[in-house]
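Trainee: For this one, chain Z is given, so just place chain S on it according to the hints.
Protein sequences, first through last, are from chains Z and S. So the first sequence is numbered by my numbering: it starts at 205 and just counts up by one. So the second sequence is numbered by my numbering: it starts at 170 and just counts up by one.
Keep in mind that a hint or two might mislead.
Calculated pairs, BS3-like style, for lysine-lysine (alpha carbon to alpha carbon, straight line, at most 30 Å) [claimed, not checked]:
1. S:Lys352 <-> Z:Lys292
2. Z:Lys363 <-> S:Lys417
3. S:Lys266 <-> Z:Lys335
4. S:Lys201 <-> S:Lys215
5. S:Lys238 <-> Z:Lys381
6. S:Lys352 <-> Z:Lys335
7. S:Lys304 <-> Z:Lys229
8. S:Lys604 <-> Z:Lys318
9. S:Lys620 <-> S:Lys562
10. Z:Lys372 <-> Z:Lys288
11. S:Lys238 <-> S:Lys216
12. S:Lys599 <-> Z:Lys335
13. Z:Lys213 <-> S:Lys352
14. S:Lys352 <-> Z:Lys210
15. S:Lys604 <-> Z:Lys288
16. Z:Lys375 <-> S:Lys266
17. S:Lys352 <-> Z:Lys288
Derived by calculation from the structure, the hints in this document are not laboratory data.
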Amino acid sequence: MSLIIKSNKEINLSDRTLARIAELKTRFPEGRQKSALLTVLHEVQDENENWLTIEAMDKVAELLSIKPVEVYEVASFYSMYNQKPVGKYMFEFCRTSCCALRGAEDMIEYTCNKLGVEEGQVTADGMFSVKGVECLGACGYAPMMQLGDFYQEFLNEQKIDALIEDCKAGKIELLSKV
Amino acid sequence: MGKKILLEHIDVPGIETYAVYRSKGGYESVSKALKTAPNDIVEEVKKSGLRGRGGAGFPTGLKWSFIDKKSGRPRHLVCNADESEPGTFKDRYLMEKLPHLLVEGMITSSIALEANLSYIYIRGEYMWVYRILEKAINEAKAAGWLGKNIQGSGYDLELHVTCGAGAYICGEETALIESLEGKRGNPRIKPPFPAVVGLYGNPTVVNNVESIMNIPWILNNGGEEYAKIGVGKSTGTKLISASGNIRKPGVYEIELGITVEDFVMSDEWCGGMQTDRPLKACVPGGSSVPILPANLLFKTAKDETRLMTYESMSDGGFATGSMIGSGGFIVYDDRACVVRNTWNFSRFYHHESCGQCSPCREGTGWMEKILWRLEHGFGNMEDIELLWDIQRKIEGNTICPLGDAAAWPVAAAIRHFRDEFEFHVKFPEKVKNRKHFEGEPWEKVKHLIKKEETVLA
Numbered sequence: 205m206s207l208i209i210k211s212n213k214e215i216n217l218s219d220r221t222l223a224r225i226a227e228l229k230t231r232f233p234e235g236r237q238k239s240a241l242l243t244v245l246h247e248v249q250d251e252n253e254n255w256l257t258i259e260a261m262d263k264v265a266e267l268l269s270i271k272p273v274e275v276y277e278v279a280s281f282y283s284m285y286n287q288k289p290v291g292k293y294m295f296e297f298c299r300t301s302c303c304a305l306r307g308a309e310d311m312i313e314y315t316c317n318k319l320g321v322e323e324g325q326v327t328a329d330g331m332f333s334v335k336g337v338e339c340l341g342a343c344g345y346a347p348m349m350q351l352g353d354f355y356q357e358f359l360n361e362q363k364i365d366a367l368i369e370d371c372k373a374g375k376i377e378l379l380s381k382v
Numbered sequence: 170m171g172k173k174i175l176l177e178h179i180d181v182p183g184i185e186t187y188a189v190y191r192s193k194g195g196y197e198s199v200s201k202a203l204k205t206a207p208n209d210i211v212e213e214v215k216k217s218g219l220r221g222r223g224g225a226g227f228p229t230g231l232k233w234s235f236i237d238k239k240s241g242r243p244r245h246l247v248c249n250a251d252e253s254e255p256g257t258f259k260d261r262y263l264m265e266k267l268p269h270l271l272v273e274g275m276i277t278s279s280i281a282l283e284a285n286l287s288y289i290y291i292r293g294e295y296m297w298v299y300r301i302l303e304k305a306i307n308e309a310k311a312a313g314w315l316g317k318n319i320q321g322s323g324y325d326l327e328l329h330v331t332c333g334a335g336a337y338i339c340g341e342e343t344a345l346i347e348s349l350e351g352k353r354g355n356p357r358i359k360p361p362f363p364a365v366v367g368l369y370g371n372p373t374v375v376n377n378v379e380s381i382m383n384i385p386w387i388l389n390n391g392g393e394e395y396a397k398i399g400v401g402k403s404t405g406t407k408l409i410s411a412s413g414n415i416r417k418p419g420v421y422e423i424e425l426g427i428t429v430e431d432f433v434m435s436d437e438w439c440g441g442m443q444t445d446r447p448l449k450a451c452v453p454g455g456s457s458v459p460i461l462p463a464n465l466l467f468k469t470a471k472d473e474t475r476l477m478t479y480e481s482m483s484d485g486g487f488a489t490g491s492m493i494g495s496g497g498f499i500v501y502d503d504r505a506c507v508v509r510n511t512w513n514f515s516r517f518y519h520h521e522s523c524g525q526c527s528p529c530r531e532g533t534g535w536m537e538k539i540l541w542r543l544e545h546g547f548g549n550m551e552d553i554e555l556l557w558d559i560q561r562k563i564e565g566n567t568i569c570p571l572g573d574a575a576a577w578p579v580a581a582a583i584r585h586f587r588d589e590f591e592f593h594v595k596f597p598e599k600v601k602n603r604k605h606f607e608g609e610p611w612e613k614v615k616h617l618i619k620k621e622e623t624v625l626a
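Next up, chain Z with everything else stripped away, as it sits in the complex:
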């Protein structure tokens, strides 16, 4: 399933992110900096339009002094790393049992219809994508979805309408602050 896309764009990480990566490396014993890989990939993805290009992954390999393939094999294993472009606002609906019991499938259908996309697709303007994902650990607050670093819970059609409007108006914060 995994694919690696070259964007031919240079990766320029901000000083803030570089400092953050340097700090993350100190959390592990000497010679074990690879342990920071998963966290570093999140940081780099956050700064690269929420997906990992081959250049981004090569940069991470360089920063952690590991081989590029060690980054690719990890990026392709974990579902949170996007290896192709996604919408700026990615609606990731939990579709596992408890959410399904409380209408997750209806919510996915409703959102797809409203945005004019199918599951897994990105809207033409690059603003939205919709995805069904497996259990997010919010079973008591179903149906729900992940939007950026945060959860949106007890969803219904009105809440989804309001969220879409808020996204368009730039009112939705996607990242949790360090």
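Mentor: Structure of chain S alone, referenced to chain Z:
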């Protein structure tokens, strides 16, 4: 109201901050632990009878006593905060509201294990909780509870939080260790067990969030006091994540030993069913454990009252019992379709299989496909036998328990709800609509199966 150990101060405003947490007696167990011989702390935890709250229920003190202290290699405590068993959301609640209780438990437990470098591994989706934990660790460090020479004791401890990125398998302790080392989450072959060869090849203990959060209370009050709560070998309290078709989904701390019926029907907990539809089934311990039909939930097969304990929940074995597992308690009313739900679980396990062992990698995919066609009205009777055969061949034949976890729900669904599977084969036109039992609940259509049997006989 039952006894509260973890949630005692949950409603105190600001309890997530260091100052308020400390004012409620927080970090006292660290002071006590620093003055206690490490092996005595382990003994205290053994006396408490505390059992691993991640799902397996293995005695925590015993697990600790296995850690190799003789080799002189560095030791590590790793907290498993990779909560991802469908139906389970208690650890997130605990960490979000009581981050300092986890940090305190990590320090006290690290002292017992004589570990100087410990980690909390949290699932990547809980990113905002990761930030909460980072903040709590920094506050604890600033207050002198972490770092070099803690409180002048000569004991050093570094504690860090690190995160995953979306892989259920990393909740398995050796996969978690691999992931923590920056690799794919492929479980390791055991032995050697992590207590001997774990993180970076060093002796390591991996414990669930809730297990670690129980340690401060046990140290402050004594293992014997803890063991007085609960019934038999199910001591203490347990957090239950309740979800599905009940009136009050949420996280509840219960004393082990209350009845299942009280837990479901009482307003103190689940508050009964969501609508007027009757209870049909329950998955009492997270998606991996066998589903129980209503008639086996409140009473065991021997007609005894079923209790919320490790023993009572598994009374009858897999034939008529289940497991308390992670405490992910999912309730289904008769609008829910067991075939659809089993397909949903199978899709989950297929998605989450790491791919290392072929019985799991291939078997979970086959089960998902067969369940898909049964659910959508394209199945035949042989499919039910085929499904049974595949699940049987996965169970016990894989490196880690994910294979078993994928097999058990399928086996239990066929064992208890075979007539519903047959209904899907015999009346395909009645299951074409995905909400087939919403308009016509199972209770109202199941006679069709019985009628046909009579005719055939």
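Trainee: Now tell me if each hint is right for this structure.
Mentor: Okay, the hints, checked on the actual structure:
For the given pair, Lys352 of chain S sits about 28 Å from Lys292 of chain Z by alpha-carbon distance, which is consistent with the 30 Å threshold. Using a Cα cut-off of 30 Å, the hinted pair Lys363 of chain Z and Lys417 of chain S holds, with the two alpha carbons roughly 21 Å apart. A distance of roughly 29 Å separates the Cα atoms of Lys266 of chain S and Lys335 of chain Z; the hinted pair therefore holds under the 30 Å criterion. Between Lys201 of chain S and Lys215 of chain S the CA atoms are separated by roughly 17 Å; this keeps the pair inside 30 Å, and the hint holds.
The hinted pair formed by Lys238 of chain S and Lys381 of chain Z fails the criterion: a straight-line CA distance of about 39 Å is larger than 30 Å. Between the alpha carbons of Lys352 of chain S and Lys335 of chain Z the distance comes to roughly 25 Å, so the proposed pair stays at or under 30 Å and holds. Between Lys304 of chain S and Lys229 of chain Z the CA atoms are separated by roughly 18 Å; this keeps the pair inside 30 Å, and the hint holds. Restraint check for Lys604 of chain S and Lys318 of chain Z: the C-alpha separation of about 21 Å stays at or below 30 Å, so the hint holds.
A distance of roughly 34 Å separates the Cα atoms of Lys620 of chain S and Lys562 of chain S; the hinted pair therefore is violated under the 30 Å criterion. Taking the CA atoms of Lys372 of chain Z and Lys288 of chain Z, the gap is near 22 Å; set against the 30 Å cutoff, the hint holds. This hinted pair checks out: Lys238 of chain S and Lys216 of chain S have alpha carbons roughly 21 Å apart, not beyond 30 Å. Pair hint Lys599 of chain S plus Lys335 of chain Z holds up; C-alpha atoms about 29 Å apart against a cutoff of 30 Å.
As the CA atoms of Lys213 of chain Z and Lys352 of chain S are separated by approximately 27 Å, the hinted pair is consistent with the 30 Å bound. The hinted pair formed by Lys352 of chain S and Lys210 of chain Z meets the criterion: a straight-line CA distance of about 23 Å does not exceed 30 Å. Note on Lys604 of chain S and Lys288 of chain Z: the hinted pairing is violated, with a Cα-Cα distance of about 34 Å set against a maximum of 30 Å. For the given pair, Lys375 of chain Z sits about 26 Å from Lys266 of chain S by alpha-carbon distance, which is consistent with the 30 Å threshold.
For the proposed pair Lys352 of chain S and Lys288 of chain Z, the alpha carbon gap of about 21 Å is at most 30 Å, so the pair holds.
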